[in-house]
Each structure stands twice: as C-alpha cells, then as structure tokens.
Amino acid sequence: MRGVSVQSITKSFGDGLVLRDISFTAGAGEFVTIVGPSGCGKTTLLRIIDGLEEGDSGEVRIGDRLVSGPARECAFVFQADSLMPWRTVFDNAKLGMELRKMDIQTHKDRLKELLQLVGLGGFEKYYPRQLSGGMRQRVNLARALAVDPDVLLMDEPFAALDAQTREIMQTELLRIWSDQRKTVVFITHQLDEAVYLADRVLVMGRKPGVIADDITVPFSRPRELSLKRTGEFGQLVERIWGTIEGVIRETGGI
Amino acid sequence: MTVPSQSSSHVEPAPGVVIGKLPARKPSNGRGMHRKSSITISTLSIVVGIALWQIIGQFLVGNSLFLATPWQTLSGIRDMWTSGGLREDLLVSGEEFIFGFLIGSAAGIAVGAVIAKNRVSKRILTPYISGFYATPIIALAPILILWFGLGIWSKVVVVISLVIFPQIINTEAGIRTTEETLRDVARSYGGSTIEVFRKVELWWSLPYILAGLRLGVGRALIGVVVGELFGARAGLGFAINNAQSEFNMPELFAGVAIFAVSGIVFTYLLTVLERVLAPWAANRP
Ligand SMILES: Nc1ncnc2c1ncn2[C@@H]1O[C@H](COP(=O)(O)OP(=O)(O)O)[C@@H](O)[C@H]1O
Ligand SMILES: [Mg+2]
Numbered sequence: 282m283r284g285v286s287v288q289s290i291t292k293s294f295g296d297g298l299v300l301r302d303i304s305f306t307a308g309a310g311e312f313v314t315i316v317g318p319s320g321c322g323k324t325t326l327l328r329i330i331d332g333l334e335e336g337d338s339g340e341v342r343i344g345d346r347l348v349s350g351p352a353r354e355c356a357f358v359f360q361a362d363s364l365m366p367w368r369t370v371f372d373n374a375k376l377g378m379e380l381r382k383m384d385i386q387t388h389k390d391r392l393k394e395l396l397q398l399v400g401l402g403g404f405e406k407y408y409p410r411q412l413s414g415g416m417r418q419r420v421n422l423a424r425a426l427a428v429d430p431d432v433l434l435m436d437e438p439f440a441a442l443d444a445q446t447r448e449i450m451q452t453e454l455l456r457i458w459s460d461q462r463k464t465v466v467f468i469t470h471q472l473d474e475a476v477y478l479a480d481r482v483l484v485m486g487r488k489p490g491v492i493a494d495d496i497t498v499p500f501s502r503p504r505e506l507s508l509k510r511t512g513e514f515g516q517l518v519e520r521i522w523g524t525i526e527g528v529i530r531e532t533g534g535i
Numbered sequence: 007m008t009v010p011s012q013s014s015s016h017v018e019p020a021p022g023v024v025i026g027k028l029p030a031r032k033p034s035n036g037r038g039m040h041r042k043s044s045i046t047i048s049t050l051s052i053v054v055g056i057a058l059w060q061i062i063g064q065f066l067v068g069n070s071l072f073l074a075t076p077w078q079t080l081s082g083i084r085d086m087w088t089s090g091g092l093r094e095d096l097l098v099s100g101e102e103f104i105f106g107f108l109i110g111s112a113a114g115i116a117v118g119a120v121i122a123k124n125r126v127s128k129r130i131l132t133p134y135i136s137g138f139y140a141t142p143i144i145a146l147a148p149i150l151i152l153w154f155g156l157g158i159w160s161k162v163v164v165v166i167s168l169v170i171f172p173q174i175i176n177t178e179a180g181i182r183t184t185e186e187t188l189r190d191v192a193r194s195y196g197g198s199t200i201e202v203f204r205k206v207e208l209w210w211s212l213p214y215i216l217a218g219l220r221l222g223v224g225r226a227l228i229g230v231v232v233g234e235l236f237g238a239r240a241g242l243g244f245a246i247n248n249a250q251s252e253f254n255m256p257e258l259f260a261g262v263a264i265f266a267v268s269g270i271v272f273t274y275l276l277t278v279l280e281r282v283l284a285p286w287a288a289n290r291p
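As you go down the protein sequences, you meet chains U and Y in turn.
Just so we're aligned, residue 282 is where the first sequence starts under the working numbering, counting upward by one.
Just so we're aligned, residue 7 is where the second sequence starts under the working numbering, counting upward by one.
Bound-form chain U, shown alone (with noise of 0.2 Å):
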C-alpha cells in the first residue's frame, strides 16, 4: 500500500485562483479527512489527486509516482449519483475492473465478497433506481474497491444522505476500512463526520483554498458512535470550528 503526497499544487480556473501552494501527506493506510467551506476547492483538489484534472504547477506523487493522467492507485468515490442507471448493482461494482482491463471471471468471487462487505449481498440484480441513496453508495464504495486500489479518494460521499443514514455509512465505512486498509482521503464539510472517521483533519481555508489546520485525532480505534456524544469529541469538534471560523472571518462570507 502507497500514501498520497501533494506538494505546492496551485489551480485557477479563468482568472479564479482556487487553490493555493495546497501541500500535505497522507501516510500509507492513513485516513485523512478534508473539511471547509463549500467552494473551498476540496473537489478540485480530490480530482487533481486521481489525475481527473491537471494542476497548474506542483505535484502529487502516489508512493514514488508521479501522477499525471487518471492514476491506476487511486478510486474516486464521487460526490453526486454516479452510479449507471443502465448496470445492475453487480455490472455497476464491475465497471471499474472492466475499464482497467482486470479479468472479470479471476476476480468474480472477490467482487461478490465485497458486495456482501458492503452490505450489498442478494441485491446484485437490482438496478440503481431501486436502491435508497444510502445503498447507492454502497455500490460506489465497492465499484472503489473492486479495483483494489492503494487509495481511496471520497468526495463528499455521505452529503446526500439523512442524518442517520449518514451515521450508519459511517460505522460502515469503519467497518470496511479495518478490512480493506487503504489510505483514505475523504472530503466533507461536516465536522462530527471529519473527526469521528479520521486520523487526521485537515481545514481547509478558501479563496483561494489552503490549508489552515492540520489536527491529528487521537481517539482509539475501533470507534463506537458513542464516541460522538462524549466531551472530548464534543472539544475536539469545537477547536476545528474555531479554526473554520476564523477562516471565514479573514476570507468573508459562507
């Protein structure tokens, strides 16, 4: 397994300057959250990491490569629907092996295992528009997994669930995670979410987007939900707002 390391990327879109000399480390098997505001540039900065987008200058290496092009480390769960209303559950969860020309049959027994990790087992025919969001995801997360990648990148992946759909993903993710390590990064604006998945929070500032803060967690692992409703978590969450808030003061507006 390889770690993810960003060193001075800078991107403008236009005259737009969103990101700034962004640099950081995400050690092997580290998972590592990205919090602020929205417009902040995460998801640009999550796709030049995969190779989706190109920064302007700086670089990011996976291990000691470096990344230039759609990096064959990385799997990118994304933010939005982005499942084929066309494939099955099962034909979702393969496309990823299929477009990085893995034998599908060498490797048909692991993607079933995987569905079942992610809760998916017995639903393999079912089409995306029979599925809650909260399993949607779960194919995401397996179509991520099915090419075994060294890093997980995910972009605001629990955004569009309620409130206890979301903290049911994120015990699952957990779960996952212990079985499959990968060095995650994993974007989000929620802060109970950043902290509670994490080993490392980083804060990132916008306009053009930095980052502020660098804040290592240091909760145990496993992690119960309770963890959340206890005063350090509570102080913790706190410190990271403080930290976004004046932010926002130096930089205006939400």
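Simulated from the structure, these hints should not be mistaken for lab results.
Note that the coordinates shown come from a computational prediction; the quantities given were computed from them, not determined experimentally.
Note that the Cβ used here is the ideal one computed from N, Cα and C, for glycine as well.
Mimicking BS3-like on lysine-lysine, the simulated pairs with C-alpha atoms at most 27 Å apart in a straight line are: (1) U:LYS389 with U:LYS406; (2) U:LYS406 with U:LYS393; (3) U:LYS406 with Y:LYS42; (4) U:LYS393 with U:LYS382; (5) Y:LYS123 with U:LYS382; (6) U:LYS382 with U:LYS406.
Simulated restraints, written as ranges between beta carbons of each label pair: (7) Y:GLY137 with U:GLU526: 54 to 62 Å; (8) Y:VAL54 with U:HIS388: 53 to 61 Å; (9) Y:SER136 with U:GLY310: 52 to 60 Å; (10) U:MET282 with Y:ASN124: 38 to 46 Å.
Based on the hints, put chain Y with the ligands in the right spot on chain U.
Chain Y with the ligands alone, transformed into the frame defined by chain U:
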C-alpha cells in the same frame, strides 16, 4: 424525447447487517404490473372505435362513396388479395419501409453521434439539419421521384429523408445531455474516449434513440404512401391512389387501414424492444 429517470421505491439494509437474501419484492422494471390491463384497455378501445365506425358508416352516412364501413373495408382487402395485387403491393411497400427506416435510422444515429462528439461537424451540419427538419420534406418527394425513378429506391430515399432528421436530433440530444459525473467515473478508471462513448454516452442515449425510432416508424409510413402517390409502379400507396381514381372506397379504406395497422404493430414491436433493451429506464412517454 425521453429522459431517463431514476426515482423509485427504496430499500435500506439495517445498520451493519449483511443482507443475504432478496426481499419479497423482485426487481421489476416498474411497469410490469400494469402491462396486462393496459393491453386490455387498448384492445377495448380499438373494438369500440371499429364499432363506432361501422355504426356511423352504416346508419349515419349510409353511402359507401363517402365512407366505407369496416365490413366493406375487410371485403376490400379480400378482393385485393384474391385479385393478386395486394401481395405484390405489400412486398413493394414493405421493402420501401424496411430499407428506408433501417438506413435512415442507422444514418441518423451515426450522424447524431458524430455531431455530438465533433464541434466543427456540428457547426457545419446544424443549419442543414434544422432546415430540413423544419421544412415539409414531403414537398420534395416529386423531385426525389424525378431523380430516382419510379422503382422502390426513390421511395426509400423519401423515407430516409423523413426518418433521418428526428433521429439525428434525438441521438445528439442523448449524447449531449449525458451526465458529466458518469463520464468522469469512466475516465477516472482509465476509460478512453471510445470507452466513454461505448460504455456511457451510448447507453445514456439509448432511450432517446428508441424514442427516435418510434417517431421514425410513423414518418416512414407516411413517406411510403406519399412517395408512391407521386409516382410508383406498385405498392400500397399506389393502390390507394388507383382505388381513389376509380372511386373504389372499400379498397381505398383497405389500403389506409393496412397502414394504420402496420403503424400500431411496428410501434408495439418497438415498445417491446424498449422493454428488452432498456428495462432500467422508467417513465417513458
Ligand atoms: N471546471 C471548472 N471550471 C470553472 N470553475 C470551476 C470548475 N470546477 C470548479 N470551479 C470553481 O472552483 C471553485 C472550487 O470548486 P470545488 O472544488 O467544487 O469546491 P468544493 O468542492 O470545496 O465545494 C468554485 O468556485 C468553483 O466554481
Ligand atoms: Mg465539492
């Protein structure tokens, strides 16, 4: 045009539970339940329509020079069949329809795909496409007959010219409206431009293409009749024209009825095709 929709009922697994079995509800295409009753209603509607036609023809109009009844129309079909002309006419019109429809649809899909993917070709072709789509091409039929002669190929060209433009427009719209995130998914897993086209854009466009085919069926039938009216040696439209000049209403109505039935049959076959090819797309028109 149809837009693929994604809404449906939901099933959510309980927290942390691995679901091993399908729930009682089978994966359905969401329309299966009502299929039977909708066919019954359609059949009933046709029966009532024919009955009304018979009643109006027999009691209200009462003159077969103005309106042939269904019964007279049926005997018209029988006469045409026994005199030997109908078989030949059906074959000729059928060929014109099939060739025109298939070539026009295939070319429409191809051109639609090209202009969707290539900006320059779109700029070059769009004025012609919108121009020809908006003009009643049928008015050009006499010229096409003049150019391509009295045989089937002039009619095939008329049909192509009617079928191709809606299909170009639909296919282009399908590819153009493809959800960008889905393209990104394919790209992020290393999909090439061709793979993005084959595995995402083409599938996304399928309901649009199928809707274009359905539009095409009606327009192709019109093309066959009108083409033959302007000049032919055989065919159903030709027969209708003859019947009309001889004031043979039963045979005229017979010709028209055969076209109407073909329209119903081909449209139905296409909805079957949609069910087979795109069971995942809900809410079609
Ligand atoms: N393809 C693009 N073209 C132009 N501007 C873009 C593009 N993608 C993102 N942006 C702009 O970059 C900024 C950051 O966007 P994004 O990375 O999506 O932020 P976030 O994910 O943090 O909400 C926004 O102001 C957005 O309008
Ligand atoms: Mg975003």
